[in-house]
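First to last, the protein sequences are chains A and B.
Quick note on the numbering used here: the first sequence kicks off at 1 and runs consecutively.
Quick note on the numbering used here: the second sequence kicks off at 475 and runs consecutively.
It should be emphasised that the hints constitute simulated quantities derived from the structure, not laboratory data.
Keep in mind that this is a model prediction, so the values were computed, not measured.
Where a beta carbon is used, it is the ideal one built from N, C-alpha and C, also for glycine.
Some hints could be false.
[To be verified] Okay, derived cross-link-like pairs now, DMTMM-like style, lysine to aspartate or glutamate, Cα gap no bigger than 25 angstroms in a straight line: (1) Lys595(B) with Asp114(A); (2) Lys595(B) with Asp82(A); (3) Lys140(A) with Glu297(A); (4) Lys595(B) with Glu120(A).
[Said to hold, decoys possible] Stretch-level coverage of chain A by chain B, calculated; a stretch enters the list once three of its residues show a Cβ under 8 angstroms from a Cβ in chain B: (5) 69-82; (6) 86-92.
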Amino acid sequence: MDFSGRRLVHSSRRACSRRAWRALTIRRILIANRGEIAVRIIRTAQALGLETVLAVSEADRESLGARMADRALCIGPARPNDSYLRVETIVQAALGSGCDAIHPGYGFLAERADLARLCETEGVIFIGPTAAQIEAVGDKLRARAEAIAADVPVVPGGPVENPAHAQALAREIGAPLLVKAVGGGGGRGMKLVEDVQDLAGIMDMASAEAGTAFGDARVYLERYVARGRHVEVQVLGDGAGNVIHLGERDCSVQRRYQKLIEETPAPHLPDDIRDAMHEAAVRFAARLDYRGAGTVEFLYDVAREQFYFLEMNARIQVEHPVTEMVTGIDLVAEQIAIANGDGLRLTQDDVRINGAAIEIRVNAEDPARNFAPSPGTVSTARWPSGEGIRVDSHIVNGAKIPPFYDSMVAKIIAHGPDRATALARLRAALGDTHIEGIATNIAFQSETLADPDFAHGGVDTGFLARRAARATGD
Amino acid sequence: MSLTARDVEEIMRLLEASTFDRLSLELDGVKLELERGGGGAPRTRREAAPASIAPAPVPAPTIAQAPAASPQGEREAGLVEITAPLLGIYYRAPKPGEAPFVEVGQRIDTETVIGIVEVMKLMNAVPAGVSGEIVEILAINGELVEHGEVLMLVRPDAG
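With the sequences and hints as input, model every part of the structure.
Quick look at the structure:
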């Protein structure tokens, strides 16, 4: 069969529309995501008077987002690999439904350079950074090199060539430090050195073990951060080197590297550290001529009062609402404006932090069964409301939570003139929340919020693990 | 005068029974656009609908996709749907100007190619998957069809 004739006809039609639409304003957005973030993006798009087309899998045809959008397009079966992760299908859905732009949300295709690149070649506006920027921050080594070049501190360390070099490097890093296997990862293949004098012996042992375990005897040294906090900075860039920050978020309450509670401002962070972090994030993004909304993540070393670059997330983040609550800035609207070519509509001086905001993630997980996912049908969903309370969710009465996707189903955010008020409002809001039909982590989150250490503020990333150890030790 | 959900259903029924593919109706600030198959523009704008319609989900976008939306009794019983195996642009013919793969009334078997769905210049042949006689072609040539959208109705062979 010969289809070449048609190929020509249709590509020329696209070429025309590409030229014509590129300079015009975005009028119709395809949302390539699901769940709460799809609903969140639709809300802002509707407030801006934009039309929305939601790409849905078979499992999400009846979702709240599908009902809210002007049009829902089924892009494939429930499994993400057959639907939400199909780059060509998403772009075809946008072209075929007359969308000028694609918003990828977070997760799925949000940081896939091939989607951004296909949008670039097809003349669809990708509401996010360029493909080249996604690639630059997606590669850990490349991102670290960019950080160093932007004079942004990274965790001290590096590969070792010989014993003498290792000694010199260890003295530079300072104890305690870690000997890490190049082939390791996820906590495997690490040894702690508390005194630099023990370095040679521990390195020999680590190298031999790494050779056996990973088939690669190479090791490198890295500073050990006994107590670290995850603090990240929200930035907006116009793609031409102008970048502003919208303050930081503390996301140290984590379980197995999964963020559970996020807040802004980061409590008890020294002001000079906070300012330096903001400036470092802006330098990093500016060096890349970053376009759109992004987040620069840092590890804050509590004992040394220093921070190190971890990575940059080239997308809107789950926890973006806390920033919106204290700044009054709609980040999705700014993403759309930047993608539309309007540049930054705010200067740094326009960004004012008003009070504090805390967010908890509601996961369809059962803490009693070691946080096993709890998909199913929500028979009753009663969400809280009240002063300073915001709920981002797609869960309504009768909503289905398919087993194919992430278990995060809602975010409850509380804002107040100060942290204590925000925390009190959030705790009261959780008491007013009732989700039936599935298990959730809401009670677990309430207990965490009630912990005196959390109430004091400034816990490190080991906080939840220590709580869990205490609970089982009792 | 304002449109009720019942009115919209009645209009959809009329469109379904007619030979027209598209209907645009504007009255009292309400704009109703109905279209068979998966057209380019979003249909019924929700925000434009009067409050009396809003609570009931307007079934307009499913007019050609869900058999339940078509008038009961008018569609012959026992027809089998051929659905789009994936989202893309539907073509009835192998090339512009050429004869369509199949026509209404034509007999097909399971292997008969009944059309093409294009995804970013990749042409996917759609086999009928059923043997019988084509009764109706619902999808519109050159328009977007979604995954699972009904392309054709077939009266299957007995037995």
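Status of each hint after checking the structure:
| no. | hint | in the structure |
| --- | --- | --- |
| 1 | Lys595(B) with Asp114(A) | holds (16 angstroms) |
| 2 | Lys595(B) with Asp82(A) | holds (18 angstroms) |
| 3 | Lys140(A) with Glu297(A) | holds (12 angstroms) |
| 4 | Lys595(B) with Glu120(A) | holds (16 angstroms) |
| 5 | 69-82 | holds (count 8) |
| 6 | 86-92 | holds (count 4) |
In this structure, every one of the numbered hints holds.
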